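Trainee: Residue strings, one per chain:
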Amino acid sequence: MSSNKAQFLDSIRQALGRTQPTSTAPVPTPVDESIARLARPEDDLPALFAERAAKLGMEVKHTTHDRLAKALVDELEQSGVRSVVSALDNPAMAGALCNAGIEALDWRVDRSMAACYAADAGLTGAAAALAETGSLVLQSTPAVGRGLPLAPPLHVVVVEAGQILADMLDLWSQPVQPPPAWQGLISGPSKTSDIEGVLIQGVHGPERVVILLVDDA
Amino acid sequence: MAEADTHPSSAPLTHEGHAILFPPLPYDMHERADAAVKDTALLSAIESATMGKYEGRKQMCARAFGDDYPAMRKLAGDIKQHTLDHLDFYLEQFIERAEATGAQVHFAADGAQANAICLEIAKRENCRSCVKSKSMVTEETGLVTALEGAGIETVESDLGEFIIQIDHDAPSHIVTPMIHKTRREVAAAYRRELGVDCTEDPEELTKIARKHLRDIYRKADLGVSGANFLVAEDGALVLCTNEGNATFSVTAPRVHVAFVGIEKLVPTRRHLAVMLKLLARSSTAQPITVYTDILTGPKRVGDAHGPEQMHIVLVDNGRSAILADPALRPSLRCIRCGACLNACPVYRKVGGHSYGAVYSGPIGAVITPLLRDPAGYKDLPNASSLCGACYQACPVHIDLPTLLIELRKRLVEQGKPKRIERLMYRAYAASLKSPWRYKLSQWLGRKWLRMTADRDGFVHRTLPPGRAWTDHRDLPAPAKQSFHQWWRKEKGTKAQRHEGKSEIRNQK
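Residue numbers (my numbering), protein chains in the order written: chain A, 1 to 217; chain B, 1001 to 1508.
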């Protein structure tokens, strides 16, 4: 394959009128933030995030650390959820789920895709959130897999107000080393309008995404 | 669940729409375009879908960027142009970083090589069934046909592409591939191909596909995707979808193969952010696609989900030839948002299949002849009114009208113009040789058209070569007097008092 690679790169170089690799790295076009930035750190980030996440079709519930477990159980009961896979490392919540009679599978016990396919809901935290768009940022780590926010029909995600970044430019202000195998920006429930432009939620991924926004301030 | 498994979908889902995108060359687009402009159902479907997105894009971009929208497009265009101008450097950097994450990078000079690489991987890893997310490059290479030919059952997972596949049709839009199809056709295809009993309700049809594809995801051991972007600084591959089908297709199967055109690179994630801010807004009037997956390598030690292997096939397939042509290089900036299709008055009237190619609309009219065969697609650069709406819509600032004119110029320089064309231009040139000749020709033309016009003020049918026009459109009859005559008469009177402005606009 390596000769193949050399040949391939040679043909690109030739196309650009070069015979040798460039000796100095080119200086990429600077990203002018006065044009590209759409949210600023000094903005009211929780409010902006909540507003925009709602606009994307996600349901935002405001709560506090003290009331989080109850908010979660209320949400699941209202949604008629009977089984969940939970990657939330929170004993209080696990207890509350148990008391409510919701079958809660701990992610650490069963991390299989099969468990994700079978569950009514996936419970996760987030690595960050973006006020700019209202997006959730999730990453694959041993503590959460990429099938969990994807396969169950309902995704409930706990976001702390302090996790909210202003703009995508802030998320990627410097390269992450090493990057996780997957970083996902989730911006709403799974959607399509392929059939005659009719908007339908829950094509492959979840029909609903519920954000429990924890803001003690 | 168990019930869904019993439906008789045993017929192989082959890509019979191939002939629509790969017609014999040279391709004459008139036959399909003629049929399309007479198909009122098709026209209204395309018109409502494209106009909705066209207006939506303008509103979304105005809301997000305000007066900076032109500057934002310029910035994105500059980023892509810079990357193309140093593509050798960024490709090498990408390869090195991607390999460092554990991904395997492959190199394909053309479509056949790309398909062969994928088949080899599938064979070596003993893959029996494949689930695939939407990718334009795989349409170019005909990967699905190649996989099925090798006995690997392959199912498209994007809802539109899935329906097109089971209905043996071909995509007609870069972003919304089944823009030309009605719910009735979808339901008919479901009953025939999937053996399900269903109504024409889009919600029901979507949920049937969800269930069907869940089984496919569970079964597939090969996941194929394209890529919307590659990031040179960390070797990341970026996928943007609304349905989540790409996420699924590269999460459930144990082997992931991505086909990527070499023009997809951006230098850093900050540059990626600029592109993401424009892509969905330009494409479907959303601030961002629902799922933006940034993949760097196969699953890590300790990760529960994700493929064991990630293969990135870098595809040239005619791109380096465009790269070598500085005048046309900007066409490689394209991020496949489809905004120029939605903006194009020609695309909206003839639909994607009339272009006879994988890429339709203004960008297709530029890159199809370049990627495939300039002589084989002579009609495409001419299938534009050069109104400039595509340029206005393009998030990476590709001056499409100028590129189309450049291609037309080359066609004229290379080919022989038709006899009738030469005759007409000769006559036109003769009429411009002196003022009296010009006036005489204008007078004759006006007289003749007014004579052939019907009482409603339109010419409905005229002699060739004018008939090429009146076969499809009515030609408004010219005014009684020419602008010259009017100006001469008015100059000394009204026009002097009013600077002539409003009168000129109102003149009949």
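Since the hints were derived computationally from the structure, they do not count as laboratory data.
These figures come from a predicted structure and were not determined experimentally.
Quick reminder that beta carbons are idealized off the backbone N, C-alpha and C, glycines included.
Treat the hints with care, as some may be off.
Here are a few chain A residues that face chain B, going by a calculated C-beta distance under 8 Å [what the hints assert, rightly or not]:
1) L9
2) N90
3) A94
4) R146
Trainee: Give a verdict on every hint.
Mentor: Each hint tested on the structure:
no., hint, result
1, L9, "holds (6 Å)"
2, N90, "violated (19 Å)"
3, A94, "violated (19 Å)"
4, R146, "holds (5 Å)"
In terms of the numbered hints stated before, the structure departs from hints 2, 3, listed from lowest to highest.
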